[in-house]
Amino acid sequence: MLSVSSSNRSTGTNQSSSNTASKTDKIIQDLMKQKARLSEEMQTVRSNEKLDTKTKMQRIQTLSSSIQEIDAQIAQIKAEEIQEKTRQKETDQPKSSEPQPEDTVSLGSVIKNSNTYDQLGKLVGSREKMQGSINTLEGGVRFDRTLLDSNPHQDSGKSAMLENAEHTVFQIKREMVQEIKSHIRSTDKKIGELLKDINDTAPRNDQTAEKSRTEVDKVEKDKTDNIPADNNQSKENDHPSNSSGISNKNTSIDVLI
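Residue numbers for the sequence shown follow the working numbering, so the first one is 1369 and each next one is one higher.
Treat the hints with care, since some could be wrong.
Below 16 Å or equal to it, Euclidean Cα-Cα: the simulated EDC-like pairs (lysine to aspartate or glutamate) are [said to hold, decoys possible]:
| no. | residue 1 | residue 2 |
| --- | --- | --- |
| 1 | Lys-1394 | Glu-1458 |
| 2 | Lys-1424 | Asp-1512 |
| 3 | Lys-1446 | Asp-1398 |
| 4 | Lys-1490 | Glu-1561 |
| 5 | Lys-1391 | Glu-1449 |
| 6 | Lys-1391 | Glu-1437 |
| 7 | Lys-1526 | Glu-1543 |
| 8 | Lys-1424 | Asp-1439 |
| 9 | Lys-1497 | Glu-1437 |
| 10 | Lys-1457 | Glu-1437 |
| 11 | Lys-1497 | Glu-1408 |
| 12 | Lys-1422 | Asp-1512 |
Just so you know, the hints here were simulated from the structure itself, not pulled from any lab data.
When you get a sec, could you build the whole thing from the sequences and use the hints?
Below you can see the structure in the form of structure tokens.
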């Protein structure tokens, strides 16, 4: 009777885990569908010749921010999913009055990996926020430059404002972007160290180790996929960074037209 009871508990736990995984997959699928719709809408806006430049840029900025938020949600959900799987492994460990040395080592690895996954999830979330800040800054510069550069009447005052902005407002924002990118590189390094630590402390069992590698690959893929492909193509990154003015980074500066 004892073995039957234990089997029932195990079956119930597995069913619960399966249901949770199914719900998580459904949420991620829904988010991916939303992202696809937003991407299609963005493409439609870009190809719409009836929209003026200002309206088009505003809509593209809004859609880009929405896509970035969805990417952050997906990364966070996957990080939480990894944590839950690790906790489940710890719960499913067989209890024994005299644990074998191998069991002790395996349990220690699970506990350590649980903490590591927790740190990993926080770093991924932090990285997403920093990337979102970069997108906002770069999008603002592109938008302001487009407005000032649109000068069909050859207004000399507008041209002077654009030139002044390039050396003041835009320069400060470019420096802020470079500083945030420096923080992202530091975060990426920490993420890489945690991933290596997870692989090094993974259980020796081949099947468990394979699952761990798969979960780690998911997080690593999220980290690389969320980097916008056109970051390096933005015009503002072509300007050299200047160390001066960094102390004024927290000051909000708007271009008045």
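Hint check results:
1. Lys-1394 x Glu-1458: violated (25 Å)
2. Lys-1424 x Asp-1512: With Cα atoms ~13 Å apart, Lys-1424 and Asp-1512 stay inside 16 Å; holds.
3. Lys-1446 x Asp-1398: The given pair, whose Cα atoms are some 14 Å apart, holds under the 16 Å limit.
4. Lys-1490 x Glu-1561: holds (14 Å)
5. Lys-1391 x Glu-1449: Judged against 16 Å, a Cα distance of about 11 Å means the pair holds.
6. Lys-1391 x Glu-1437: At roughly 20 Å apart (the allowed maximum being 16 Å), Glu-1437 and Lys-1391 break the hint.
7. Lys-1526 x Glu-1543: Measuring from Cα to Cα gives roughly 24 Å; hence the hint is violated.
8. Lys-1424 x Asp-1439: violated (23 Å)
9. Lys-1497 x Glu-1437: It holds: about 9 Å lies between the C-alpha atoms, which stays within 16 Å.
10. Lys-1457 x Glu-1437: violated (31 Å)
11. Lys-1497 x Glu-1408: violated (24 Å)
12. Lys-1422 x Asp-1512: Given pair Lys-1422, Asp-1512 holds - Cα atoms ~9 Å apart, limit 16 Å.
Checked against the numbered hints given earlier, this structure breaks hints 1, 6, 7, 8, 10, 11; the rest are met.
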